[in-house]
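Participant: Please construct the entire structure, taking both the sequences and the accompanying hints into account.
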Amino acid sequence: MINNLIVSGSPHIHKQESVSRIMWTVVLSTIPAGIAGVIIFGLDALWVILVAVIAAVLTEAVFEIWSKKKVTVMDGSAVITGILLAYNLPPNVPLWLPIIGAVFSIAVGKQVFGGLGQNIFNPALVGRVFLMASWPKYMTTFVKPLSYDAITSATPLAALKEGKILEHISYLDLFLGKRGGCIGEVCILALLIGAAILLYKGYISWHIPMTYILTTAVFTYIFGAKQLFHGDWLFHILSGGLILGAFFMATDYVATPLTINGQIVFGIGCGLLTAIIRIWGGYPEGVSYAILIMNAATPFIDRYTKNRIYGTS
Amino acid sequence: MVKLAENKHHSENKPTCSMPLPKKVYISLIQHLGKICVPEVKVGDKVSCGQRIASLPSGLYSPIHSSISGTVSAIQDCPHPVIGRAKAVVIQGDGREDGDFSKSIRSQPFSLTAQELRDIVLEAGIVGMGGASFPTHIKLNPPKPVNTLIINGAECEPYLTADSRLMVEKTTEIVKGIRLIVSCLGIKDVYIGIEDNKPEAIRAFSGFDDIKVKVLKSDYPQGGEKQLIRNILGKELPRGKYPFDIGALVQNVSTMFAIYEAVYKGKPLIERIVTVTGSCIKEPVNLLVRIGTPIKDLIEFCGLNEEPAKIIIGGPMMGIAQYTDEVPLIKSSNGLLLMNKVEAEVLEEKPCIRCAACIRGCPVGLMPCQINLASERSLWALTKEYGASDCIECGICNYVCPANRRLLQTIKRAKLEGVR
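Taken in sequence, the protein lines are chains D and F. For my numbering, count along the first sequence from 1 and bump the result up by 24. For my numbering, count along the second sequence from 1 and bump the result up by 1.
Since the hints were made in silico from the structure, they are not lab data. Note that this is a predicted model, so its numbers are computed, not measured. Please note that the accuracy of each hint is not assured.
Claimed, not checked - Think about it this way: if two alpha-carbon atoms lie no more than 25 Å apart in a straight line, the pair counts; the simulated BS3-like pairs of lysine-lysine are:
1) F:Lys4 <-> D:Lys39
2) D:Lys93 <-> F:Lys351
3) D:Lys168 <-> D:Lys185
4) F:Lys36 <-> F:Lys242
5) F:Lys177 <-> F:Lys215
6) D:Lys330 <-> F:Lys215
7) F:Lys236 <-> D:Lys330
8) F:Lys385 <-> D:Lys330
9) D:Lys202 <-> D:Lys168
10) F:Lys227 <-> D:Lys39
11) D:Lys39 <-> F:Lys36
12) D:Lys39 <-> F:Lys218
13) F:Lys24 <-> F:Lys43
14) D:Lys225 <-> F:Lys4
Facilitator: Dropping the structure here:
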């Protein structure tokens with residue numbers, strides 16, 4: 025007689041996919057943009073990234089120990105939050121800034137809602153807008169690319185907002201990241217390499233990034249200049265944090281809609297808000313706020329974009 | 002729909018072999034969807050192979066026959082592969098071979114009326130052999146006229162090859178069974194759905210003018226009734242309706258073979274093909290086994306590589322894990338799967354990260370993760386709104402979930418609450 029048989033409900037096989045494998049793959053996909061950031065802005069950028077990651081992981085661990093939950097920092101999700109927060113910071117900020125941002129991201133953006141899977145906003149963006157509201161000076165002072173010292177420079181979008189003429193910035197420079205900006209947002213090429221990994225693995229689908237970018241492009245083309253239909257849409261795609269946001273933050277599972285229809289609505293919403301803020305808003309850049317506002321709308325979108333059930337119309 | 006690792010290669014090319022007569026069988030009094038049968042024999046009675054031993058005067062049931070010749074040694078509570086425990090007739094075999102069924106052979110099968118066919122099917126104790134075990138004589142009496150017959154030869158569960166072997170080895174017999182139903186019920190179109198991973202079976206059925214072979218993609222759960230109807234007829238079964246509402250009748254290939262045997266051989270349903278497989282089995286096979294044989298006999302016959310940690314009757318997606326190897330086979334048992342410790346590991350459940358893999362995989366368009374959250378909070382009105390009752394329990398949601406959530410279990414719970 026065979027003893028000690030395991031009895032459990034069906035099914036009895038599993039795809040062998042896990043949350044931590046997904047999270048660590050996302051970490052891997054962000055690495056090209058990080059390397060590009062360090063090449064463009066120097067080692068300052070590397071310190072900001074490392075400090076943000078360590079602070080995020082420690083905050084998660086402390087919070088979980090304190091609330092007597094299982095410590096899950098090895099699942100990689102806090103690492104992603106740290107990386108994405110750092111990628112949204114200028115490279116020359118004092119190092120206490122990423123620490124405060126990471127603590128705020130994990131504590132207020134994630135753990136107070138109940139931890140992984142429970143947050144209603146993207147934690148990294150929560151941290152970023154908190155820093156933006158608290159220390160706007162540090163958050164809007166950017167350095168010149170490839171200069172490796174503290175020569176400040178305006179971001180292309182800020183220059184556009186102030187009505188300055190953009191000098192020496194070609195589309196190719198923007199694509200490769202030769203411009204002032206946040207650590208992880210400048211090198212479009214590196215971001216696309218990472219995005220390709222996630223798309224290939226099926227961890228993200230094209231629906232949110234494509235609708236987001238296309239909507240921004242169409243809207244800025246129509247309204248982005250004094251005359252209708254004269255906007256520089258390609259400039260808007262390549263500058264600011266649009267590519268970083270569209271592929272890495274607007275695709276965050278937890279705070280975005282579940283169904284494909286919902287994701288399309290979400291992407292269009294992000295695109296419209298980003299373009300509106302950039303063209304008529306008080307800030308030069310609108311990606312963070314656009315995604316956070318659409319995060320808030322996600323439960324509502326989910327409610328009205330359910331899939332059709334078999335046999336119903 | 003998802004692509005699964007098929008694992009059919011262990012047994013798909015092995016011809017069916019008969020297992021030696023079991024010494025003792027435990028024939029459960031409930032082998033069908035419906036009411037438990039009342040035994041017609043008592044302890045000490047001699048029974049012949051194929052003799053009816055339990056029945057009911059009316060209702061949703063199917064009579065039960067002795068699968069060997071011998072003596073009734075007990076009528077007692079026994080393990081049951083689906084409902085845990087149930088009363089069974091225990092028969093001690095006398096080693097004699099099959100009884101003589103020739104007296105109940107029909108000389109002119111094609112002159113049978115629908116009622117006569119139903120009576121034969123009822124007397125032979127035939128139930129749907131694809132898994133649900135619905136009494137076939139009732140299914141052959143649809144409340145509305147049907148004109149389309151869909152034969153399920155998909156066998157979409159990984160590991161299982163019993164239907165696949167039957168289709169290759171007993172093609173003409175299955176076709177004869179199909180033609181009986183066609184002539185008795187006035188069927189106009191006959192389709193047989195076979196997955197593209199069974200080229201031999203597809204070839205076998207391609208030579209018949211009156212049967213259209215529909216080659217289906219080998220995606221799970223292609224053999225589900227709703228999926229077959231959509232992928233063969235190109236239309237969906239409206240919610241809450243039965244196949245006869247759209248003029249269709251869906252039957253499994255094994256059931257067709259059982260009907261053939263009942264009519265042409267006079268033989269009741271006393272044996273079936275079972276795929277015995279899994280990493281713990283030395284020599285995976287397709288075995289022709291008498292109903293009521295305890296699974297330990299099958300395991301002994303096939304030999305073990307290593308101690309199994311989990312024994313499943315059925316396939317790995319919808320089969321049922323057993324708590325003992327003394328459980329006997331019933332009419333719907335199409336597979337016996339033995340998993341080792343590594344394969345049987347119960348994975349730790351983690352929080353849902355809303356990755357929506359379950360939603361993309363659900364073959365009926367549900368949002369399993371949302372039903373799961375509502376069910377865990379006992380929000381039964383919400384689970385109903387999300388359509389929990391439309392779940393076909395295929396198990397894809399659990400299979401794909403990276404957080405190992407027990408989605409199917411909580412949805413089943415919600416379904417029960419929805420009925421209440």
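Participant: Does Lys218 (chain F) lie within 25 Å of Lys39 (chain D) when you go C-alpha to C-alpha?
Facilitator: Answer holds: Lys39 (chain D) to Lys218 (chain F) is near 19 Å, not above 25 Å.
Participant: Is Lys227 (chain F) close enough to Lys39 (chain D), meaning Cα to Cα at most 25 Å?
Facilitator: holds (24 Å)
Participant: Lys36 (chain F) and Lys242 (chain F): Cα distance at most 25 Å?
Facilitator: holds (23 Å)
Participant: For the pair supplied as a hint, Lys39 (chain D) and Lys36 (chain F), is the alpha-carbon distance within the 25 Å limit?
Facilitator: The hint is violated at about 38 Å.
Participant: Does the structure keep Lys236 (chain F) and Lys330 (chain D) at a Cα separation of 25 Å or less?
Facilitator: holds (21 Å)
Participant: Lys93 (chain D) and Lys351 (chain F) were given as a pair; does the straight-line alpha-carbon distance stay at or below 25 Å?
Facilitator: holds (12 Å)
Participant: Holds or violated: Lys202 (chain D) with Lys168 (chain D), Cα cutoff 25 Å?
Facilitator: holds (8 Å)
Participant: Lys177 (chain F) and Lys215 (chain F) were given as a pair; does the straight-line alpha-carbon distance stay at or below 25 Å?
Facilitator: Given pair Lys177 (chain F), Lys215 (chain F) holds - Cα atoms ~19 Å apart, limit 25 Å.
Participant: Verify the proposed pairing of Lys330 (chain D) with Lys215 (chain F), using a straight-line Cα cut of 25 Å.
Facilitator: Judged against 25 Å, a Cα distance of about 32 Å means the pair is violated.
Participant: Is the Cα-Cα distance between Lys24 (chain F) and Lys43 (chain F) 25 Å or less?
Facilitator: Roughly 19 Å separates the two Cα atoms, so the pair holds.
Participant: Compare the distance between the alpha carbons of Lys168 (chain D) and Lys185 (chain D) with 25 Å, and conclude whether the hinted pair is satisfied.
Facilitator: holds (18 Å)
Participant: If you draw a straight line from the CA of Lys385 (chain F) to the CA of Lys330 (chain D), is it 25 Å or shorter?
Facilitator: holds (14 Å)
Hints 6 and 11 from the list above are not met by this structure, while the remaining hints are.
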